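Peer 1: Sequence:
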Amino acid sequence: MKLRILGAAGEVTGSNYMIETAGYKVLVDCGTHQGADEERHEGESFPYDPTGIDAVLLTHAHIDHSGRIPLLVKLGFKGKIYCTHATAELVEVLLRDSARIMKEDAEWRTRKNARKGLPPVEPLYSERDVEDALAYRSPIPYDEVVEILPGLGVRFREAGHILGSAIIETWISEEGMEKPVKVVFSGDLGPLDGVIEKPPAVVEEADFVLIESTYGDRLHKSLEDTRAEFQQAMEAAVRAGGKVLIPTFVVDRAQRMLYEFKLLQKKLPDLKMANIYLDSPMGVKTTEIYSEHETLLSRELKEMLASGDDPFEPRGFSFIRTAEESRAINAMDEGIVLAGSGMCSGGRIMHHLKHSLYKKDTHVFFVGYQAYGTLGRRIVDGAKTVRIAGEEISVKAQLHTLNGFSAHADRDDLLSWASLFTKKARFVVVHGEPKSAESLALGLRDAGYSTRIPAIGDEIDLAAPAPEKAAMPEISKRILDRIDFNPKDVESVLNLISERTDAMRETLIKNEEQYRNIMPLLISARTLLETAAALGRTFDAAAGYAVREGATLLVLDEVCAAVNGGFLPEKTVTDFLENRPDMLEVVLTGRSPLAGLTAHADYITEMQKRRHPYEKGVAAREGIEF
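For our numbering, add 289 to where a residue sits in the sequence shown, where the first one is 1.
Derived by calculation from the structure, the hints in this document are not laboratory data.
Misleading hints may appear alongside valid ones.
To be verified - Distance ranges between label pairs, derived from CB positions:
| id | residue 1 | residue 2 | range |
| --- | --- | --- | --- |
| 1 | K291 | A823 | 29 to 37 Å |
| 2 | K510 | G406 | 47 to 55 Å |
| 3 | T863 | D432 | 26 to 34 Å |
What the hints assert, rightly or not - Straight line, CA to CA, 30 Å or less: simulated BS3-like cross-link-like pairs of lysine-lysine:
| id | residue 1 | residue 2 |
| --- | --- | --- |
| 4 | K471 | K643 |
| 5 | K471 | K551 |
| 6 | K758 | K291 |
| 7 | K643 | K551 |
| 8 | K392 | K291 |
| 9 | K712 | K291 |
| 10 | K291 | K468 |
| 11 | K574 | K392 |
| 12 | K510 | K555 |
| 13 | K314 | K363 |
Quick caveat, the model's predicted, so the values are computed rather than measured.
Glycine included, every Cβ here is placed at the ideal spot set by N, Cα and C.
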């Protein structure tokens, strides 16, 4: 009896886990990778036979949790897909849209390949595959225990993330067991003070808890502060004129922003706000589904609906359905445009950004998570130019990042939800970038829980006895390499950080001067860790691409310096060198290569400074030696 970690571990997307016993194999989520995760996993097949899967449990409709279900069905899955009723409706909208985007992307890449004499590109799945997959949906109500297979009981509980989202409780047993093992899958948890949905349900008993850690290392602004920031920025944007662009997820975030505009208009009735457009055919259907599931909405919204006031229709609002209507918006000088995708990785927001991102009077509001590798993340991180539809576009627009509208719980909410479990619960921290997962795991450890951070491919023995007391988080080596550049000392480093943090919490509150002195050091430490993680990702991406594409030459510039400085494990490089294809020549550059690297070399070139004008006092000359 085991739990296999197959996605969303050390990363935020691609959620996929397998419960495996002697009698059945059941998946929890089967999602698509996005952003940098997509590049890392491009071309990967399922690490299991889809025909051998007995059922799928779906936490919610988002594509990073549901997006590969049609492929699963295409390759032979014949079991039921269990989810809530609202998820069953939303996933239909999202998967059909996903198939359309894949088709368009494949057509574009095929045209590009044709010019190079390369073969056509096929989409991962078709609209027909989506229809086939939808036939296997088997919705079940919230809060009812259902035995979906002999030895597997399931209950869906409110997760508060998006409409229909669920925490999944499972009771797993095999022949001869005295009592089942209870495993809880958090899915994506919403904030405890949610605005659109009800708050996450309280669960107290579990043997294992898989908990998401998207925002495991940071706090959102309070609702009051977020709304104040939104009001100030939107008021300034409206009074200045120009376009307001809001990349938005059409499930939940679009509805949340429409509601916030409704509240803002009530608060500022004299503000002459431009027309508001939700540019998404999918958004039309999604908003209708939200209105139809009134019982799942927060008390605040139910009261508004009961009074006859639609919370999702602010003044001056229109749905944009056709491509012609969407293009017409670009000719307008003013307008507030909500469009997908939320991470700017496709969809209609792309052509709006292309036509307006270079204008100084454009305001872009980022109101959701931006994964590494996405266009949205590059813009948020300060890119001066970005490439959209084959063109280099200058980023001159005014940018606003409002994390307080997130549909994800922040660190405090995650720890508060987790703290209600009895201390016997063992936490498995998933669905988060390494530093977020590590931070949440340390917080859980401090609260007295046993914690583990797995990597994709890890297996957890569900029959293993619980440890007597909470120790340092058990971190998979593949995650460890992305967190810390000195794996040998990781436990002592974590212990030291934990001790110092506890000491600083008290000191810093009392001593502002010390806070100011220590903050640059903390920022430097964070930068070093982020650099190490980025180097690891870049190396993996470059090496993987070279192998996949059949390259004959790979130049890894300054990799010797990265290894020598402790930012990239030497073993990572030597393992690749030992196992690379025979046809692939590899060139490593950088100062002072370690002996382990030079041992793999066929040729070594060393450049040495023998003499130089500088040493005779000659000044640098601009454009030559400066």
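Peer 1: To test your reading of the hints: which numbers does this structure violate?
Peer 2: 3, 4, 5 and 8
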